[in-house]
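Starting from the given sequences, assemble the full structure and let the hints guide the process.
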Amino acid sequence: MLQVLVNALVYASEIAIIAVGVALTYSVVRFANFAHIQYAVIGAYASFALDRCGLPLPLAVAVSAALTGLLAIAVERLVFAPLQGLRPEAKMIVSWGVALLLRSLVAAVFGGAAQVFEVETDSHLVGDAVVTGLDIAVVATTILAMTALHLAMTRTRIGTALRALADNRDLARTRGIAPERLTALMWFVSGAFAALGGTLFALETRLQPDMDLQILLPVFAAVTLGGLTSVGGAVLGACILSLAQNIAIGVDFGALFTSGSWFLPSQFRDTIAVAAMVLVLCLRPRHHRSSGLR
Amino acid sequence: APAQTKEPIAIGVIANLTGTDVKSSTAMVRGVELAAEAVNAAGGADGHPIKLIVEDSQYKTQEALNAATKLFDVDKVPAVIMFGGSSLELAVAPIAKAKGKLLINTSSSSPKLGEFPGTLYSILPLDDIVGKALGAWVATQSVKSVAFVVPNNTFGIGLMDASAAAFEAAGGKVLTKIVYSEGQPDYRTDLQQLLARQPDAIITAGYGDDSRTVFKAARGLGLKQSWYAAYPSILTVENEAWMNGRLLGVDDGGLTGATAAKVAAAYKAKHDDGEPTPHVFYGYDALMLIAKAAAMPAGLGPTSLEAAVKGYDGATGPIVWNANGQRIDPPIDIIAYKDGKFATIGHQ
Amino acid sequence: MVDFLVFAVTMIAVWSVVALSLNLQFGLTGLVNFGQILPVGLGAFGPAIAAQHGLPIPAGIALGLALAAAAGLVVLAPVRRLTQDYWALVTLGVAEIFRLMMVNLPAVAGGADGTTVARIADPFAAMAIALALLGAAALLCLRIDRSPLGRMLRVIREDEMLAAALGRNPFRFQALVVLVSWAMAGAAGALYAHIVGYVAPSSFTVAETFIVWTALILGGPGSLVGPLVGTAFVQLLGVSTRFVAAWSGLPFDLVANLRLAVFGLALILVFLLRREGLCPERKVVTRAVDP
Amino acid sequence: MLSIRDVAVSFAGVRALDGVSLEAHPGRILGLIGPNGSGKSTLLNVVAGVIAPEAGTVLLDGRPLPAGAPHAVAAQGVARTFQIPNLARRLTVAQNMLAGARRQPGEALATLLFRPGRAQRAEAAAVRAAFDMLDRLGLAHLADHPAGSLSGGQQKLLSMGMAMMADPRLILLDEPAAGVNPVLVAHQVVFLKAMAAEGRTVMLIEHNMEMVADVCDEVVVLDAGAVIARGSPAEIRRDARVMRSYLGEIG
Amino acid sequence: MTASAPPLQLDAVTAGYGPLVILDRLSLALQPDEILLVLGANGSGKSTLLKTAMGLTRLAGGRLALAGEDITAWPAHRRAAAGIGYVPQTGNVFAGLSVRDNLRMGAFLRPAAQAAAQAAVLDLFPRLAERLAARAGALSGGERRMLSIALTMMAEPRLLLLDEPSSDLAPAAIDLVFAAIDRIRRERRIPVLLVEQNVARGLALADRVVVMVRGRAAATMPVGAVTSGDLHALFLDGSVGAGGPSQP
Ligand SMILES: Nc1ncnc2c1ncn2[C@@H]1O[C@H](COP(=O)(O)OP(=O)(O)OP(=O)(O)O)[C@@H](O)[C@H]1O
Ligand SMILES: Nc1ncnc2c1ncn2[C@@H]1O[C@H](COP(=O)(O)OP(=O)(O)OP(=O)(O)O)[C@@H](O)[C@H]1O
Ligand SMILES: CC(C)C[C@H](N)C(=O)O
Ligand SMILES: [Mg+2]
Ligand SMILES: [Mg+2]
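Residue numbers (my numbering), protein chains in the order written: chain A, 1 to 294; chain B, 1001 to 1348; chain C, 2001 to 2291; chain D, 3001 to 3251; chain E, 4001 to 4248.
Derived by calculation from the structure, the hints in this document are not laboratory data. Check before you lean on any hint, since a few could be wrong.
To be verified - Quick partial rundown of chain D residues pointing at chain E, CB under 7 angstroms, derived from the structure:
#1 G3037
#2 S3151
#3 G3153
#4 N3181
#5 H3207
Even for Gly, the Cβ is constructed at its ideal location relative to N, Cα and C.
Shown next as structure tokens:
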């Protein structure tokens, strides 16, 4: 049982850190950016390449985060900024095109086959659960990064300005908020977070140009569960999803109720995760759109 | 080489060059290329040079259909060599049949592929044959109980069902069957059940990238069992020291033969990414058979193909097809992983 | 070449019907549905289940349509509680649940391997049926589009609260739209099954829904020809990049990736050059009628 | 007759309405005034079925109006405008107006497919009525412009026009004159009086005291969610409490 | 920057939305510490005039100057930083943010003065003090207007653009707001461009009147010169008697 929680926590961390970037951009630009997941992949590959070049891993990750942040700004300038005012669904489709383009470029450069980080970490036995040093590092990094982002968004003037910009762009401009600079900052942060998350994910698993397809569903599910726009929500969403997925197949239901042992066949893992998501979405308290009230 | 004066023969290749299974697909196409180069260097098929047209199926049914219709209707290829999931090949097969084309399967192993005699031929042995060999052999290794860890696809399930039946028939006991979804980031949760069940050994099948993650999870969980695998050489060893002596299995016996050695040498001369994987050999044999059949007076067709296979000593060993064009009686080797490489330790 | 074009037209027609059905929901009514592949899949699994269990072909088609329409109503049930973004994910989730169930329950229709169904052997006949279905669907959409019903659907798209204040129950209209459009997509799915002759869960993934979305948005949602033009554009772009790729003479693995890169780039460029899509929503002019 | 009985509403701790009761009669115009945030719009939303009250009932001609079901309330012949106009912004002004028309056979799929003639006739009648109304509101020249591109005042007028298209028994107006130019306000006054004269019940929220004095037969004053005064406009102007809390020195 | 230049000057400005032209070669000058009242029928372009001064429309021609400095090409946020304060007619608060966060954004350009400025505006609108934690979108119409005025006042602008500040407000609240505008103008010598449909109150406060007709300044005159006949005419078709073309 403890192992289930450990696994859930690690997975939730990887998902959450990518998901907050989606939530952050969604809250400001109001569309679901599919390319975000590809930023995570590119960030992971960049870390990988830099690591191969002999940079110490933490430095490689930092450089990769910065580069990916810049990439996110570049994509915004070249593609999304000229599309301002377009319906969100159209931007979403365009972002899918961007993802496709970036994915093929990654595949063309690094090859379609999987790659792995050569990191070896020690395992510890905590209770009856195995926890690796990497697990601890992943979770710790995520918690740190999330807390920092949450505080920055809610406690600082710039964070509030970002939310204001998201809320009413014209009004924000008339308060002296420069949208270009602020959105650039926002894209940078979300790109950097994506790179960080992508690298953590790849460290625990592997690198593959199309790994975005595996991350996409859980990340968007987490963001949606969490209410689309909040850091805390994305984290909560990631936890719910990850727990549902891990508990569903990790728990010995037989031992819980009878003496025998019975596990849910693990091919139902995804079904359960998706079903849990649908259920939570349907049961969550109704969101009033107050704009309609007056 | 004699001058190639005659018109080239175009042969289609469909593979998952983007998406899932890119590595094996690429290997297969490279095998086809090696064979084409060899044939052309030797003057072509009855003087006709072979021209390859490679299309991507993106591991999507609709794209596989688009690729196939383009190859059949625009490029007018008489035959297509295909690497795709069973579901992709089963979608293309009826079209090939309707148009009187040949479809050579190098990757899929669903029994349904046998429903297109005269159209669809498999270079790859069917899962039930390999699975049966694996289950029967494991039972001779003083293993009383096993758990299965296989991917949730035709290959994994087909193999598991056949070898479980063989293993149980020999008196063994199957404790649990873990069928995992491919491409998961982590399999610790899936494998955790094994801690409670403690089987004597684990029987597995799968593909490199997933198997690597599976092994990593097993190592993390401290599982001590040996792994018995179908086609162990397509699995990726995650940690050499840990895996040393712990991974065994049955593999295609031809891969250690003379033709295979020749192909492997040609591969290493052309590509610099190490040993060729088995799919290189499947691809190679597929094109070689086509070229051989095309060189026959009757021209390329089911009859000449079935004639060509007789006596062909391929990179995957001698090929025997049943009435439905599916490979039976493949040579089978026993393979073990030791000191950083796979070694043949016996035959069956 | 003719055969190839016939096949291309057939596929464009089938997927256009799906795009039209999505347009009814999104373009007209504003329902964001990321699981439109579900009714297509259900429509296709009708014939598959029939084939697996030895039922006649019409029974399979009817089953497919019924499954699609019924599923629509089930999926719509929570729409009242959810805002659009959430409903989008619920539909996506339910479509995935269905696909995974089909993969894992081989007894229903062959599991991951799928099932062979009767195939329309003559490509021209297949094309004719597909075009007929497209014609019928387009006519129905046209009728709805240019009518008070279409107008009220658009009001719901713009502002549900407004529609309610005007005395319309948005949910009833949404239910009607889902019923019609899911049955339409189901019909496309059933036809697809009989054209391809083979049904497997892997044909009905989330990625397929996105292709339909791309076609719709690219063509211009809210207009009637938009979905058709968009579908043709997407399908032909996918096919034509194959020829470009072959002509380039580069190594096959590089070509495969560049082909997708070109696809992505084309998508981006179309929007940068034509923001409203290829066929923007028709500008309505209401003429004061003189008695 | 509209009668509101002991209606109470609170939002996250804020008591927006605290046991409000009042009646509005057919053929008469009831004015609802009060300081900002006193609960006027909230009361209107309760009647319109947008907000389900915690306590109390709303009766129209003795029958309770469904709570929390705006479409069902509207179907009973109740029309309303919004303080901040809700419009179908990408639809044209004319389409917005037409959407306001009640009972359109062309909105039923079966009629559309099998009796298109019927739908067409009804539509033609609605178009006539819509342009009639647009002329009166001075919006006819904008008929084919997207509603979202109208100026603030024009949106208010359109919102009112849409409510009128429904041919309502009871009409609820939330500050229809705010942002509307004085000449058109004078038109609105005439218009409202005509509505009442046709036997409809009108409830009007307005801060424009001239207009209130001009059209209202009776005025109810809300403060902090409770009725603090009621009477004729003249009586209200003399009420000391109203002076203090609402009208200020100048009023 | 010349000392004698008017605080705000529009010179043959043509502006609109997308391809649509609304303001048609409009010229106008705002004098030091005057309140210039903008009147006009609905849709005559009053709000567009203010938005153009703020830099929120598409400019197709002409020139704008702030105290003599050419601001034609400046984006809105730069104009805000240069001291233009704007209360929009609609969309005037950050609906998704709390009242408190809204006020914080009011002082975005002067973070140091945030606390003092907030205290001052809450003093003016005590109603807002009770609703600090509420989402601005949940406020009543009048409360929203108060918040929007408060937001702008917190920035301590050098020049005010007010688009119907009295609309949605109860009479007592209008008194408050108008008194505050008058005080600010007198104490801090700030010029105000004021759009009002509440003509009587507007005239009582303003020094001069400009009448907008179909995107043009049809007439400019001192408040005293406005007759009720004029008003009626301008709201009907803009044919104001004496006016003729605008004289800046
Ligand atoms: N959805 C909501 N959530 C929280 N508070 C609300 C909500 N709606 C209204 N309120 C509060 O309830 C009170 C009454 O609001 P209401 O809109 O009814 O006032 P009003 O009388 O119409 O005022 P105004 O004249 O300014 O329009 C206000 O203080 C407002 O902030
Ligand atoms: N966002 C927009 N897009 C297109 N046209 C617009 C837009 N906003 C306003 N208009 C048009 O510009 C014209 C002037 O509008 P503006 O808002 O300036 O009028 P106004 O004088 O402020 O009217 P009101 O008194 O009703 O507020 C109107 O005809 C309106 O339809
Ligand atoms: C060589 C084999 C492992 C291939 C496998 N049968 C497949 O389906 O792809
Ligand atoms: Mg109100
Ligand atoms: Mg205005």
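Status of the hints after comparison with the structure:
1. Hint status for G3037(D) relative to chain E: holds, with the closest Cβ pair at about 4 angstroms, below 7 angstroms.
2. Restraint check, S3151(D) versus chain E: the minimum CB separation of about 4 angstroms is within 7 angstroms; hint holds.
3. At about 3 angstroms, the closest approach between the beta carbon of G3153(D) and any beta carbon in chain E falls short of 7 angstroms, and the interface hint on this residue holds.
4. For N3181(D), the interface hint holds, since its Cβ comes within 7 angstroms of a Cβ in chain E; the closest pair sits about 5 angstroms apart.
5. About 5 angstroms separates the beta-carbon of H3207(D) from the nearest beta-carbon of chain E, less than 7 angstroms, and the hint is met.
Of the numbered hints given earlier, the model fails none.
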